[in-house]
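Student: Below are the chains, spelled out letter by letter.
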Amino acid sequence: MSINRRNFFKVLGVTGVSLTTGTAIASRPEAGESETEFCGILYDSTRCIGCQSCEYACAETHGLPEPTEFPDPAVVRKTDETRRMVINAVTTDDGEIYVKKQCMHCNDPACGAACLTKAILKTEEGPVIWRSRKCMGCRYCMVSCPYDMPKFEYHSANPKIEKCDMCFDRVKEGGIPACAESCPAEALTFGTRRELIAEARKRIHDNPGQYVDHIYGEHEAGGTGYLYISPVPFEQLGFDTSLQKSSYPALTKEFLYAVPAVFVLWPAMLLGLQQATKNNNKNDHQNE
Amino acid sequence: MSKSQALYRDNDGQPVIKFILSELKPRGKWLTPFNIISIPVMLAGLVIIIFRFWYGIGAVSNVTQEVPWGLWKGFNVVTGVAFAGGAYVLTFMVYILNMKQYHSIVRVTVLNGFLSYLFYAGALILDLGRPWNIVNPLIGNSFGVSSVLFLVAWHFVLYMIAQLIEFSPVIAEWLGAKRMRKILAGMTVGTVILGITLSTLHQSGLGALFLMAKEKIHPLWYNEFIPILFFVSSIFAGLSMVIFEGSISQRVFFNHISEKNLQARNNIVHGLSKVCAVAMFAYFTLQLLVFLHGKRWDYLDTPLGYWYLTEMLGFVLLPMILFFVSYRKMNINHIKVAAILTIIGIIMNRLNVSIIGYRWDAAVRYVPSWMEVVVALTVVFTQIWIFRYIITRLPVLRDPPDWAKE
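Note that the protein sequences, when read in sequence, are chains A and B. All the letters of the first sequence, read from the start, carry residue numbers 833 to 1120 under our numbering. All the letters of the second sequence, read from the start, carry residue numbers 41 to 446 under our numbering.
No lab work stands behind these hints, which were simulated from the structure alone. Beta carbons are placed, not taken as given, at the ideal position from N, Cα and C, and that holds for glycine. Where hints are given, some of them may not hold.
To be verified - Label pairs and their in silico Cβ distance ranges:
| id | chain 1 | residue 1 | chain 2 | residue 2 | range |
| --- | --- | --- | --- | --- | --- |
| 1 | B | VAL413 | A | ALA989 | 16 to 26 Å |
| 2 | A | THR914 | B | LEU204 | 43 to 53 Å |
| 3 | A | THR914 | B | VAL197 | 33 to 43 Å |
| 4 | B | SER298 | A | ASN1111 | 20 to 30 Å |
| 5 | A | SER1078 | B | PRO80 | 49 to 59 Å |
| 6 | A | THR868 | B | TYR95 | 37 to 47 Å |
| 7 | A | GLU928 | B | ILE361 | 55 to 65 Å |
| 8 | A | ALA1100 | B | ASP439 | 32 to 42 Å |
| 9 | B | PHE293 | A | GLN1076 | 46 to 56 Å |
| 10 | B | ILE380 | A | THR868 | 54 to 64 Å |
| 11 | B | TYR95 | A | ASP912 | 11 to 21 Å |
| 12 | A | LYS1004 | B | ILE77 | 52 to 62 Å |
| 13 | B | ILE165 | A | ILE881 | 43 to 53 Å |
Based on the provided sequences and hints, a complete structural model is requested.
Tutor: Written out as structure tokens, the structure reads:
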């Protein structure tokens, strides 16, 4: 949604043209502008059987160690520098159910806005990826992410950020992520975010009483690429439902917008003050 | 006549390299209390730093996946920069408002500010996981312009250059480079204006860094006004540091300060304390408004609530009252106590935002390891060593040489 330089010039051009020729051109939508759609994954916790096929597939695809723990309601497993995703078992009002945790691939990710080297990037396809050549390891992405998903290899002299990249290498070639491919229960569906939301709505509508009427990720943190539907309220699955509905980078917008204003106003004001007080001492003498 | 020749000739005919080499020799007593404490700490710190680069940050530091910024960022960078704020406030008073009476301390304050920034940038490099990519935000095609940290990084670098230029006439006087001094001194007002603008932005920018950590920071310390609060508090944090550092310099380096300036010191301190009083009043009022507006009453009757009250009442309100008490009738001791309380209060505030209040609800709290503490102290001690070296050699506290009189 942000305005880049090319769009800026486009807008500038359109404004200029419409000023001379009228409003007809400006009101026409730009071709190709709204056609980019983010991909995402829909996770249906009523279908998940907790078999960890996705975990094994993920570890194998990304060269990480095989999982050694099983989902256990007594333990909350977390992703870390050796596992990009985990399946947890949770005891809820609806009995024991499973939930998958990994990077949410926000539409407007806080980690990406935080990154000062663009090492973390929201790709046009939808996955949020990390690029080693750009990263300087400041870990501001970790500070900013509301889901605490980027993980850092603290015990390495050449540390990497480890997080789910929605198998970007596969997705950009038209493939589907390893976890979604490996799921035997069709709990994971890969597709465009728009299709997935429609599919989630359909499932909620067609199976009354089976789901709570909430697609987690539709609005949370400004919308996420990963979407969840569940038979129980999401707090019970360990989700933070207090997260704001607007995007996190919006929180820094006011500050960033103030910067150019200060840069223009301050020097002018300071120079004015300096000139005004410059001859203070001389004037005092004259007045005496 | 070329510049190098000018340098060569100006320095009483002595070659510059030889002069610098002669200045490198240590001077003064070795077994001072400060040396006895600082040398072992610095040696240990050096070993730990080598460890850190060999085995990774996790080998020496207690930072976790949930709390990725520890003492080096929270104390050395976020807290330290607040105390370096004295430089922009003082250059504003002296060069913009032309308050000549503060001129005698402007050099030492700028030096302090510059060294602080230099060493906080150093601490930052220690904390970077992949420091070899540090040029990415500055050179190349990797500009993350929507990042607050990107702005802070640029302002940091530019402000360091500005401060170096502000300080450079002193170096020229030391080397006896008359022409250079004239050129560099002519750049002062321009760099001061740039420096104040940059300071405004990155003092507040350091606060803005935490804006996205909305759910992670304790509600008593998180609010959308963090940038403004950080900026306003940097004014009195910096000046309190100037007062504190001045009272120590006055004892340790008294032989470098001229009689006239020594006598003027009390009036300078009094003037600065008034600025502190007013700035703290503004800050306290802002904090109060933020608190009332956010309806944070429920949090007060908790352990962190008491901690918040301690910070606000004991280390903001109390020193503010002390500054105001000596507003009309000067009391140097009140002012010094108030300055020390203010400094403690600022350390508390910055650590509360960046470490203590950060992930305050986590099951496992971050507590810095002893090695992190040693490295944090090493950075501060090294800075003091360099500061002392420069004070004893360059005309910082001393009056400038006769040829450089304005």
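Student: Name the hints, by number, that the structure is in violation of.
Tutor: Going through the list in order, the structure violates no hint and respects every one.
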